[in-house]
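Assemble chain B onto chain A, guided by the hints.
So the chains spell out like this:
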Amino acid sequence: MPEVKLKGVSKTFPGNVVALHKVDLSVKDKDYVVLLGPSGCGKTSLLKTIAGIYPPTEGEVFISGRNVTRLPIEERGVGMMFQNYALFPHLTTEKNVEYGPTMRELPPKETKSIAHKMLQLAKFPLERANSLPIELSGGMQQRVALARALASQSSLLLLDEPLSALDAKIGEELRLELRCLVKKLGLTAIHVTHSQEEAMSTADTIIVMNQGSVMQVGSPEEVYFNPANLFVADFVGEANFFEGEIKPAHSNPKLFVRFLGKDFDLSKAKSSKLSRGAEKVVVVFRPEKLVISKRKPYHENFVHAKIESRRFMGEKIRYELSSGASQIVVKRMGFGKSFQVGDSAFVSFDASDATLFDLPREHWEKLVGRQTV
Amino acid sequence: MCGFLKRRLSSLSKKSSVSNALYALAILFFVFFVFLPAIYVLSLSLNVRLDALVLNSLATSFEIALLCTALSLFFGIPLAWLIARSRGFKKEVLNSLVDMPLIIPTSALGFSVYLFWGSQYGLALLEKGFWLITALHTAFVFPYVVRTVSAAFEELDPVHETAARSLGANLLTVFRTVSFPLVKSSVITGGMLAFTRSLSETGATMMAAGLAVTAPVLVLQYKNAGDVSGAVSVSVILIVSAIAFLLLAKRLAGKMSFSFERVSPRLEARLNRFSPAKNSVVLAFFFILILVPAFFFFIFLAQMKQLPSAEQMKLIFDSLGASFLVAAVVTVINLVFGFALALFIGRNKFGLGKLLETANEVVLVVPTSALGFSLALYWAGFHIPELLLIMLAHLSFTFPYIVTPIAAMVAQLDKNLEEAAATLGATPYKILSSVTMPLILPSVLAGVVMAFMRSISETGATLAVSKSISTAPVLIVKFVQSQQLVEAAVACAILFAISFVLLIVMRRSAGRKKEA
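Chains as they are written, first to last, in my numbering: chain A, 1 to 373; chain B, 1001 to 1516.
Incorrect hints may have been included.
[What the hints assert, rightly or not] Taking lysine-lysine and the DSBU-like style, the derived pairs with C-alpha atoms no more than 30 Å apart in a straight line are:
#1 A:K28 - A:K270
#2 B:K1354 - A:K112
#3 A:K28 - A:K117
#4 B:K1184 - A:K95
#5 A:K117 - A:K183
#6 A:K289 - A:K273
#7 A:K247 - A:K296
#8 B:K1184 - A:K109
#9 B:K1430 - B:K1015
#10 B:K1250 - A:K95
#11 B:K1015 - B:K1354
#12 B:K1015 - B:K1349
[As the list claims (entries may be wrong)] Which bits of chain A does chain B cover? Going by a derived footprint, with three or more residues having C-beta under 8 Å, they are:
#13 92-103
#14 176-182
It should be emphasised that the hints constitute simulated quantities derived from the structure, not laboratory data. Glycine included, C-beta positions come from ideal geometry on N, C-alpha and C.
Isolated chain B, as found in the complex:
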């Protein structure tokens, strides 16, 4: 049966009409289930009302996003450099520590940061409001910046640095004139990622917001109050400004250039002596402002020594069930269509690759609460059950996470390999399964892990479409809002534990497949 199926697939794949039909299906899926729902709200642009509340919330969002991106870049680039240039045990430790906050779902991270900075169980230094949100956003975007930039530093050929030194440049000058310009595009990518993630964050922000209102939070407030035109207004402006920001950053990436004459090398040689001190400052920043706050909920739990009631535990486990069900279903569906679309983009069929890639990037930068609200409007006429609607929302915003890494890898793939397989008599299906697939597997797994984790930790989109069903992160937000801190901490711990184990299992299986 299986053999028959494979033969059938092999012979079918020879017809270009069949593969074109599959591509068309993937594109239709992308357009009608991912892209259009995400920006549907823009069609209501005419109804936008620009009152002070809307504009203020937008300004707050942008200020926070800019501030936390700037902080992350300022401390993240030296840390990335430190990681890339260290060896052995030190490197492994730093690498895993930087990854840690990425594993904690944002609402858990937000709760933990709130406990650390804002509650009497921690330092109680910051009131709920602007600065607490900034502290929270910095903690959660920082790893994105460090990851992106350190990966770029790792790929740099050290010979350029050696050459610069042989011409008399000290280490700091080398960094400024050679290494940094060469990773410029990754710095911009990392900064972009941090900025858009901050702009889109909803659930954790709600815990830390107090009287401050960011744009995504305002979307939900309007939606819950039944003010559709208010929610539309904020969503439209949020989406438009996010897309404008994306385009601006892309523009900037091409134009920005550095000149090396301006700063005196001798001054930098003097500054260079403070290098060890700089490393300590950067590490201190990372530990005190990122790592400890991110994991503070464990310390809190240890202090409390009590468990929620059985009734509350049932709530927690129900929400976990919903979370993982949604994440699993969505990841599988997206993998099927995302893979096909990634092949299409990576191979740039009919010259449409660039267009679809940009469309994916647009979905990626659309703040999720606006996306969720937009999607709810898009599907409003279909009377879709709540759980399915949550899935549709997650389907949309996780899709680019699967497509982007696979498409990038497919585009890099040596075309000769596939052509060689064809000259050896392999059918297109055979080529895909025996050559292409094994080579791009790491990117497929990376995409799956990212999409899954994003779904598990999402709050904004879920809150925007749900009424009665709570996923785990949403439940945590609700617990915190009703001051059930122990319940929130337990939910965080369980959510973290499951995500952690899953991530390790996925990485293990990825590692094993690579060896085989």
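Chain A on its own, in the form it takes in the complex:
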């Protein structure tokens, strides 16, 4: 059964470009894993190292407990889907899918039946099996690429940005089908994407990468609500970042943090990433965990703010508010009372929804790539 393990894998390209830096990783059998990160983070290099397209500069790759580090691609027995599908332009759809079984020298009858079965599984209309790739739409090509990868009958499926060439609507449809199919066939899948939405909706486990290293491994919920660091908090979904200062405790067990011009009791906040004796902190809130109201809340965890902008996004409305010099983003469901630009309001929160991080030494606004303070 395919588990994938990486031990200290590094990949350096000529010109000292580090794509992967000492990556340790283990992918469980039958898990749907999504490698998520910004472009250039090393996620595709990692996938290609597993596939055998790139030999690692150091470290070892194991598939199902077998050390495959020195094994060429064709002997690894992985099914792979490429970014722009890489369908053979000179072969018909059917021949494309039959390619893998033919290479394994299965009898022609079996080859054909596997190809048909896989095309059906991928919901490709069989009457078009004699079309050349160029005659198919993007979505159809994607289905052929999937069928071709499945026809290799590998139980490890590698997907390199499989949906990035499709328009949004079709991509959304296909990613759900992709997941269903992987689950139905009991495969292990490793799926590379830069879209956090795609990752959230398909993954059992998300692996967030940045600059050649793994930042966090966890379920979509964990990664979203309990980010391991500021990078993850920023890259996955939207977040509010407030610079804060821990008030001296004076043998008081409570944790008071001053931000947005007020002192708040954040004893219940997620503060496990905070180092001992930290003074300067960053307080992180997801926009949907903040509440806006016209009425003053009954508790103390609120600030005054003014609505600066309002954007209707379908199921949600996204507000930008200003409080002092700070900007606050709040998302709330699109029904119920609505606020207009210029209204004053109260922004309140539950302390347990805050996550605390050490304030980085460098300009952290730059680190997370935005101006929030």
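Frame of chain A; chain B shown alone:
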């Protein structure tokens, strides 16, 4: 004055009648100076006589052409693959080495190959005749095949190969089922080029022929013996079969397909282990059969340590003067008309693009000695001076070399760019000079270099129209025929040196213009 001229051109170019008149001029030039002279002899088809000598010469030509094309493909495709897949220094070296024989004018190459294989100064392995001609033709068509095919391999997206490997195919199977089918059309183009060039080669062949007679050589023999009907017969059959071959190859290119089931992948996996050995064999073939013979005349010169007499040197320099004069004049005239015609073809005006493109291809495949003979008949009534007639002949067969690359580039050009320039207020003349021209410049330079080099190295057409004037390659042929080997070698060396320097200068200026 210059500013006035530009404004005048700008305003003139707005009238479509003006540009249409220019196109018409280019087409008339093509029809009456390039196309019709090249195939005029076909109008005398009724007088063709098919005796054994004619048919034998044709058979010899086709056998040699097939053999050297097959050899070139067999060794050339792996070498092209090797070049395309190597990196850095190795690639640069291989690339320049493959280009080297292209720079040597064919008659010099022929002389050199003859020295290497056939004379007591070299290996003295082959008698003059069929096999020596084959060795010679292989040496000179090989680079065309490698160039064409390696360019196609370079353009392949490696992702298809990776995908095939991820599906379990070994490198040899990947090559056979994916990479090779994808460059199929370039292989056919390269093979076509090799075949037609071999079919048309005259001067160098004459040196190596001995008693064997190829069709182009027979044209000249008949012409020199004053047997016009004999020369007409061979020319007609040669031209018709070359055109038939062109059409056949085009047919084939569309139909040929490969199936991947037939050969066992496991067998290929085993064969794949011999890959390093295969590379050595291919490189050995290239060095021993192509490169060393091509440059053997330098070794010969070093052995001889003597120079021709002053009188002979004067002959050599006169012929060089004639060669470069003809090449320069012809290239400039062809550039003017060829450029206009290439725009016409590339933009497919009035749907005539395809027709004119095919007409150009026909000129390209017509063997040059037949072309020269045909052209001499075409202009016979006009009492044209000899040098001018040589120029007219060169004008005809070099024309397609300028048109083809430019037309291909124009056709590929993003139409939006020209339209964008028009929306910004540029007149058609301005668009041409400020947008189109800079973008297609590389192809213009490539065409100019090719046409110039073809003119410099041509013998067949020149011999077919000339009586007393010798261009440099013709002089080399004459030297060899009268066993003046030192004189021939010196002429070869000078011709090579000048072509080499010119080529470097042209490439440099091309490179610089691209940067600017």
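Hints, verified against the model:
Note on K28 (chain A) and K270 (chain A): the hinted pairing holds, with a Cα-Cα distance of about 28 Å set against a maximum of 30 Å. For the suggested pair K1354 (chain B) and K112 (chain A), the alpha carbons sit about 41 Å apart, so the restraint of at most 30 Å is broken. Our distance criterion of 30 Å between C-alpha atoms is met by K28 (chain A) and K117 (chain A), whose separation comes to about 27 Å. A hinted pair counts as satisfied when its Cα atoms are at most 30 Å apart, and K1184 (chain B) with K95 (chain A) qualifies at roughly 18 Å.
For the suggested pair K117 (chain A) and K183 (chain A), the alpha carbons sit about 17 Å apart, so the restraint of at most 30 Å is met. At most 30 Å may separate the alpha-carbon atoms for a hinted pair to count; K289 (chain A) and K273 (chain A) meet this at roughly 20 Å. The straight-line distance between the Cα atoms of K247 (chain A) and K296 (chain A) is roughly 25 Å, inside the 30 Å bound, and the hint therefore holds. A C-alpha spacing of about 29 Å is found between K1184 (chain B) and K109 (chain A), which places the hinted pair at or below 30 Å, so the restraint holds.
Of the supplied pair hints, the one linking K1430 (chain B) and K1015 (chain B) holds, its CA atoms being roughly 13 Å apart against a limit of 30 Å. Restraint check for K1250 (chain B) and K95 (chain A): the C-alpha separation of about 25 Å stays at or below 30 Å, so the hint holds. Between K1015 (chain B) and K1354 (chain B) the CA atoms are separated by roughly 25 Å; this keeps the pair inside 30 Å, and the hint holds. Between K1015 (chain B) and K1349 (chain B) the alpha-carbon distance is near 16 Å, which keeps this suggested pair within the 30 Å criterion.
Proximity of the stretch 92-103 of chain A to chain B, defined as three or more residues with a beta carbon under 8 Å from a beta carbon of that chain, is established by the 5 residues found. Restraint check on the stretch 176-182 of chain A versus chain B: 0 residues with Cβ-Cβ distances below 8 Å, three needed, restraint violated.
The structure fails hints 2 and 14 (numbered hints given earlier, in ascending order).
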